[in-house]
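Colleague: Each protein sequence line maps, in turn, to chains A and B. Just so we're aligned, residue 1 is where the first sequence starts under the working numbering, counting upward by one. Just so we're aligned, residue 953 is where the second sequence starts under the working numbering, counting upward by one.
Please note: incorrect hints may appear among the correct ones.
Unchecked claim - Straight line, CA to CA, 16 Å or less: simulated EDC-like cross-link-like pairs of lysine to aspartate or glutamate:
hint	chain 1	residue 1	chain 2	residue 2
1	A	Lys927	B	Asp1211
2	A	Lys600	A	Asp554
3	A	Lys464	A	Asp345
4	B	Lys996	A	Glu447
5	A	Lys468	A	Glu557
6	B	Lys996	A	Glu285
Note that these hints are calculated values from the structure, not bench results.
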Amino acid sequence: MSAELLVHLSVNGIEHAVAVEPQATLLTTLRHDLGLTGTKRGCGTGDCGACTVLVDGDAVNACLMLAAAADGKRITTVEGLAHGELHPLQQAFIHHGALQCGYCTSGALMSAKALIDANPEPATVEIKEALSGNLCRCGTYPRMIRAVAGWRQFAAVASDARPTDTGERDQRRDHDVVGVGVPRVDAADKVTGRAKYTADLRLPGMIVGRLLGSPIAHGLITRIDVSRARALPGVLAVLTGADVPQGWYGVSPAREDEQILATDRVRYVGDEIAAVAAVDEATAERALALIEVEFEELPAVFDAAAAMAPAAPTIHPEHPRYAGNINTRVDWHFGDVEQGFAEADHVREQHFIGNRPYQTPMEPHATVARWEHHSDRLTLWSSTQTPHYLHRSLSRMLGIPMGNIRVIRPAVGGGFGAKAEATPLDFCAAILARMTGRPVLMEYTREEMFRHFRGRHKQHIDLKIGVKRDGTITAVEQRVVLDGGAYTSFGVITAYYAGSMLPTLYRMPHYRYSGLRVYTNLPASGAFRGHGVPQPRFAFESLLDMIAEDLGLDPIELRLINAMSPNTRTVNALDVSSCEFRETLLRARETSGWSEKKGKLPPGRGIGVGCGGFVSGAGYPIYRSDFPHSNAMIRVHEDGTGATLHIAAAEIGQGSDTVLVQIAAETLGVPYDRVWLADCDTVVSPLDLGSYSSRVTLMAGHAVERAAADVMAQLFAVAAGELSCERAALRARGGRIFVADAPATGIDWAQAARIAFARQGPLLGKGSYQPPKGLGGDFKGGAVGTSPAYSFSTAVAEVSVDLETGYVTVDRVTDFSDAGTVINPVTFHGQVEGSIIMGLGETLLEDTLFDASGRLLNPNLHDYLIPTIGETPDIRTVAVESFEPNGPLGAKEIGEGSLLPVLGAIANAVYDACGVRVTELPITPEKILNGLAHGRPMLRAPRPHAAEVATP
Amino acid sequence: MALVDFAYHRPASLSEACALGQRLQPDAAFLAGGTDLIPDYQRKRETAHHLIALAAIPELHGIAIDGDVLRIGALSTLAEVASSPLVHGWFPLLAEAAHSVGSRQVRSVATIGGNFCRAVPCADTPPAVLVGDGRVRLMGPDGDRTLAADRFFVGARETALRAGEVMVELRLPVQPAHSGASYQRFARRNGSSLAVAAVAVRITLVRGRITGARIALGAVSPTPRLAVDAAALLEGDAPSEVAFARAAAVCAESASPIDDVRGSIAFRRDLVRVLAQRALTEATDRAQRSSP
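One chain only, chain B, in its complex shape (with noise of 0.2 Å):
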């Protein structure tokens, strides 16, 4: 399928991407990795005619420790995020949930922001990010601003991205002490697939209590969100499976799923509740190992 034609801007800074973003909207689409775009113009669903790569803005790459926190810019491949040494010594969660994603093709190539701009309801990294108390910076034409992960998605394919505005980075905070992660993901197959649901936990614990839940929904709702009331039942709470069990049918119970190809509301739900369960456990288990 040919695409449609569009005009190709290589801006080589990020004030300049931004000013053209904001001059060319909305017939404008930024370009990451590809992945996910490049598909979309072949079935129409983009269609701007003015692509502009990103590839060529130095701020947009590199992983690196900024004070106490972990910054990876946007366009660092899903690839490096999931091998970086850097990434696996802060936050382990988010190399396994990008090397979750797709193919290693997809993984050379996809980026990081591209799996947060396009804002795909099943994308992998987002639940890992937001139990991981991560936050987006963004650079636009009136400058730069800096929002909460949970804050950045909007909806099914929206964010709050502003025309011009580009996602430079991601921005992760050191991970509390005593705490484990776990993202327990369910797709038809084992080889390169879609999540059906997917569910990120990041578990505090002192003293044989738990004194922090995050967890976090993938493919179950328009947007990658937390839940909550699930993790607030947890807090003060030692870990138990019964505790984990109230906690993941209140997970189940606050998802929002769709019926689709890869499965139904019902069967959806179902999945959040045992991925939910079996993510508290993997990430109590976790937490103990670096607990006193």
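For reference, chain A alone in the conformation it holds in the complex (with noise of 0.2 Å):
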């Protein structure tokens, strides 16, 4: 080790002389010498702006920088913003929404101090310019835009603590919280750097787990030898497959194919094969270096045609259900497609091809495990937003039951589907810290992020659809073969998923879908966001377009003579209640300036529409249990001034918190600001499945509505007593209780309570939801896509393509979405913001890319580039009217079926623009350009399914 320099830093005001190694970058002396952690680490490599702190006045990434290289500077970190009073940038994010899941928000908001200090006016460009060096995920970037041009009005106002209305709001309901866009409960905490994300946790003993992945695809290992890296001073425990539990986990029961560490077999580069525990990272970096590994290297398949092919190399034997490498067949037929085309005036068939995006949450994975000997309790902290299915992971591969367990999350940092399973960190940390006797941290870096992956599934798809000559579907065939990587993770579900979506959106009498999940050698695919929905929703929003063009007809007259109705049964059994399908096409037309655009911009712009829609909640669990699928509890306060609403659904930045707390305080009959939330700590809070399939606001909701209920239930029980009227005659808002029919007589909230306190002991409520029972059709799969509701949007795009080099801006996207009543317009806007701008990367931008060895090429934030501020379009998001009967106060989703009808809208606009037909993701210049070389639709001739090529 190289001798310590000590380095003399003005921090926020305070003079720090520090000890620290040469090679100690600023950002790790400010978290770890001086615990400022409301500065992250998110990439590492100067691409995120996680980091972002001002040295001398100047926003600088503090991963670039040397500790040594700051010497005698000043630095401000988010923690000196604020002075008691909110810095008046923190109460305008604050109020216009500019944050979600805070991973980005201290380091936006030192680019924004930065450039306020120089320039107190900026324009969008120049805030556009500033932040650009600032990558949000959760997609605020209009909202910061926002923000700082605004920043000013909070100058002269001191921050308060109440919540104050933004004034956006869709919708007019009888309601006092919900529907008003109260600022998120987690808000403070997140622009003051106060929020402890998992690695922001530090505890007495802690030390540093990292893991080894394999360096080679596919190969037996023959030799491991950890000596040299457990005689390395300072490494407390090394792990290999030997060491830990054997057997095999999964998120699907009918698919449990992951080891914790491999045994004997790797079956992709980054494959977890050992684990170590040291005194810092630079020690357990080293130490992985010392491990000798052996490997037989096997032949490896890096697509699904490949992995299908009679010589393939099998990549699971261990697992004979899995000959050919065929993870997971549907064979779906309803109705009778033959009969549906053959009823036909047109029938089009494409074949179109997806990518395999990144979830690219800003946050990496961490866990903290801690092993509480004495009683044989592990207590574990996890950037997950499925604790439920984490802590059931870790009982049965640990053997322990879950009642020793105890389950954390805090801060999580965007999750999108990437962290919707147990990792081998989680389990890794877990057993190291029970071998040392010490807590242990363990995170990703970005790389091994995009290593472990559980991005979306690169589907090549073979779609067919038969319209009648006035645009009647009269039949949909699908054909799609999906390419899972190296394990199932989530993808049985994600098979099923790219069927069962298509018919929610659209009649139509006949649907044929086969859909091939297969193994390859490449990192595994999961659940993303919209759930293995979005490809074939471009591939079905393309091609009703170019039936369009076919015929005659405008795409959007195409989609209305088709639209879904409320109250109806689609042909593959799902339930559709609500619909207001029809108002969003209408009101994105007409607002939209569609007839006036559409076909008639100049060369090189264009505009397109997409629609798209989702579930509000799977309606049933991925393991089987009777158990309610949400659950609350509220205590409310002995003095009735506040009660606490327990719940374990996962707030992972969607603001599903905040939504939950409104649904609360409405029920209560409270103010916003009474009700706190407990942490999402399975010691504290009952079972929630979490926070997947666009399921929080309608289940959880529930819950928390009927747990209020129960509250309310009592209390009115003691004001009736009180005032000496029927109990149903009682209401409460605003903190009273009163006769609905004379309101002058009533009693306040607080002093019934207390009563009832008196009486009674603890006042608590609560809740629970179940779905409907029997949802679905009785067929292999069909629960797959069931949910008590969906939603419905359409997006209108507007682009301009660049002629020359093929370059694509979209310039404006107009959204109307039908997600039922909206709890709070800001997260509601939020979400739908944020799909625009991560379903523009997904189409435009995003791919990961690998070489001919399996080895990731792009797995960082300079070559996988997902938008920018500089990205952000002119945006518009409305929700339409509509109420949905089985969700709490009318509510359904909208975070995942926003997404969805952006993919179609953006290629849509651009064959608008330059009459190229882009049919495979994601739609790059070089494409466009091809395309506009052959002077022709960039199409491709449909080729066998890949099924039939494989059959032997």
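Could you fit the two chains together into a complex? Lean on the hints.
Modeller: See below:
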């Protein structure tokens, strides 16, 4: 080790003399030595800006600056922004909803601070320029722009913990808290850097764990020697596959095919084979380098067609059911497609190819495990979106009852599906903590995140649609091959979703779907926002436009002709209740200037429409269980001036905690700021299945509403006695309980609660939610796609295409969504805007790429490009009037469904702009140029279904 | 990711830095802004055990006019270059090129010297300096020397720097009267991204004729380099779309791009042609505005 250096740093006005190693970055010094964890590590390579701090007033990436090079400098971190009162910028971020998961927020605030210090009234273009190095995967860019442009409005305003309505409101309801754009419950914590994410935790004696990944894509481990690693001073434990519980785990009980650490076979570059725990990160990394592994390298396959070829290597020989590398096969036929195509006047078929985008949450996965030997208990903090499934996986693999495990979800910096399952980090941290007796922190690097993956499946889609002359769909046939990567992850469900969701948007009397998920020697694909559906939806929306052109119909007209109606059972037995899809189409057409623009814009400019929708929570849990899916408790504080909501639903940035607190406050009849939220901790809060399938607002919302109603039943009993009236005559609003017909007769809510406490002790309410029984058809896979409610969205995109370079700029997106009752307009619009920006990225920019050996070529944020603030189009989003009978207060989902229209809308707009129909994602400039060069749409000849090729 | 162990040296003078560099070579690296070097350490592409920080050396800082030359100290940050009134007055193209690099956070720290000495093929400032006829002054254990910018780049991530040699400054001559310049780059997204292809052009116009043309290509060869043949085609001609198209086509042919995640060879050649045409047009417009 090189000699330590003494550096003098003035941080947030306080002088520090810190002894640092020469290789310490300013980021590690701030976080580890000074405990200023508001500054985040997102990439470590200067690409994401999460670590932005001010050095002598300039915005700088702390990960790229050596602490030694910062000697003598004046440094400001997010913790230095507020001086008691929040800085006006922080207030502006809260007010405008310019934060979701919060992981990029401190960095963005610091870039904004540097900007306004130099230029107090920045123009939009200057804001985009100044913040272009601050990546936000939640897509809060439009709101950041508003917040930075309008920060001065807050300069004279004392910060106030009480919420103010932002004025954003889409629907009118007779509600006090619901429907109001109150600030997020976690907003103040996130703008001050106070919010603790897993990697921010510091426990006494905590050590660091790291994983070793396979350098090859497929092979057998012939020798593994960890003796040199174990002998390295500072190393406390080393694990290989032989040292961890044997057995297989996985998301789906039907396909448990993963090991904690590989015992004898590795299946992709990065497959985890060993873990170390050491006193610090540098020692852990040195130890990894000392592990000697020898392999017998085996042939590997990197695409679905190769994996299904007769001579292909078998990737999971341990499990004979996966012979031929077929992981999942779906064969559905509803109605009679042959008859349907025979009835059609026009049939069009097209092959589409998807890409393999990665969720790219800004927060790398992290776990802290602490083993309490005296009680044989494990406490595990994890950046997970599914604490319950993690809890269950830990119990099953470690062989200890769930009652001995406590899972805590701290703040989570985005997930989008990437954090919906247990990882080797979670298991190894627990095992290493048990072995060493020390708390263990494990994090993925940005590169390891890309390797662990669980991003979108690359799908090869053959889609065929038959229509009558007037555009009425008579039949649809879809064949999809999904490139699954080395493990199942959520893939069984993905293969079903890819087929199940097409019939929810348009009526189709006859539908056939065949899906084939195939193992390859690439990182496993999993569940990514819109789960399995975005690529089929992209294909469908593209093909609809091609058919509209063939028939001389307006694309929106064609969609209206076939649009789903309320209270309909789809051909695949899904029950649609509320449905304002037609309204979204009509409003989008009316407000986007569609009729004046479609086909009439100058060359290089185009407009396109796309539609989509999603489930509001899966109708069935991932594993068979009779437990309610969501459960909540509310405890009223003794003096009645507050209540605490206990719920383990997973806030990962989407704003669900805020929505749930609003539902609680509304139902209790108290102001929003009276309701506290207990930690998401399995010791504190009852079971909730977590954040996936867009389930939280509907399912957890119901549980919360019922828990609050349970409280109110008890309080009304007390109040009725005090007021000498019938319970049924009472209402509660604004912290007061009163007689509905004689509002002057009433009692203070808190006083009623005090009386209740005095009489019966703690005032508790509980509520549960279980989806209706018997959802879905009685056929294999009929459960996937079932839901109590479905969302519907229409997006209209306007683009400019540079006809010489193929560069696409998305200028404007108008989105109309049916999400039922909007609980919080700020989080609602934030979700739609984020979907538009994420959808823009996956349509135009994103794809993970591999070399001929299966190694990732772009596992970093300068080669894997996600949208920056510079990509932000002019966005208008609107919630149409809608009420979902199966949702709490009429609400349903918005977070995933709103992504689905975006791909098709952009693809169709690109076609309108330049006549190039790109059928393979992403739509790169090069593909557009190739299409332009050929002077015709880039159509590929239909090719035989890969499954047919593979059949010997 | 932790970095390898290295010793950190902070020489206070240029001669001390050169001596250290010579003594510790080849196990030493010079640290300027570090925005390329630190990630290289992280991905183990850089493994030198001695890091020589140049920040404390006064001669490497500052932007000033020195007779008929604008000198830009090697440690000037790209943000300083992009906003310097001296640079804007002398050769605004360099400010534009510096501004196009990375994000604000990177430009706050990354230096013009680093942009040159790291010799990344897609670096943005070298093509501008090449068309501006800039020179690079180096100081080594055996004294100093000055090289034309195009002779400084030897290969991808390779320069003419010898052991112990440090880039002291960039020297830009007075730009010809009636000249205009343009820098055109193509990247996959608007915000903060590396160039897939780039073209810089300087055009000098006298009485409606091109009396001087310099064209430099970036990101499409192992080094940024002058497209001499394409430029020669234009000399003496009146500016025209046809003439520009011919020169742009020669630029595209002369490029030797690679296939990588940012673009294919064919796509990059297409881009060179388009960007060259645009740069020639814009540079000519600018020259016309300053022409009699």
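Colleague: Hint by hint, say whether it matches the structure.
Modeller: Each hint, compared with the structure:
1. Between Lys927 of chain A and Asp1211 of chain B the CA atoms are separated by roughly 15 Å; this keeps the pair inside 16 Å, and the hint holds.
2. Taking the CA atoms of Lys600 of chain A and Asp554 of chain A, the gap is about 13 Å. The hint holds against a cut of 16 Å.
3. As the CA atoms of Lys464 of chain A and Asp345 of chain A are separated by approximately 13 Å, the hinted pair is consistent with the 16 Å bound.
4. For the hint pairing Lys996 of chain B with Glu447 of chain A, the CA-to-CA distance comes to about 14 Å; that is within 16 Å, so the pair holds.
5. In summary, the hint linking Lys468 of chain A to Glu557 of chain A is supported, as the alpha carbons are separated by about 14 Å, within the 16 Å threshold.
6. In summary, the hint linking Lys996 of chain B to Glu285 of chain A is supported, as the alpha carbons are separated by about 12 Å, within the 16 Å threshold.
Of the hints listed earlier, there is not a single one the structure fails to meet.
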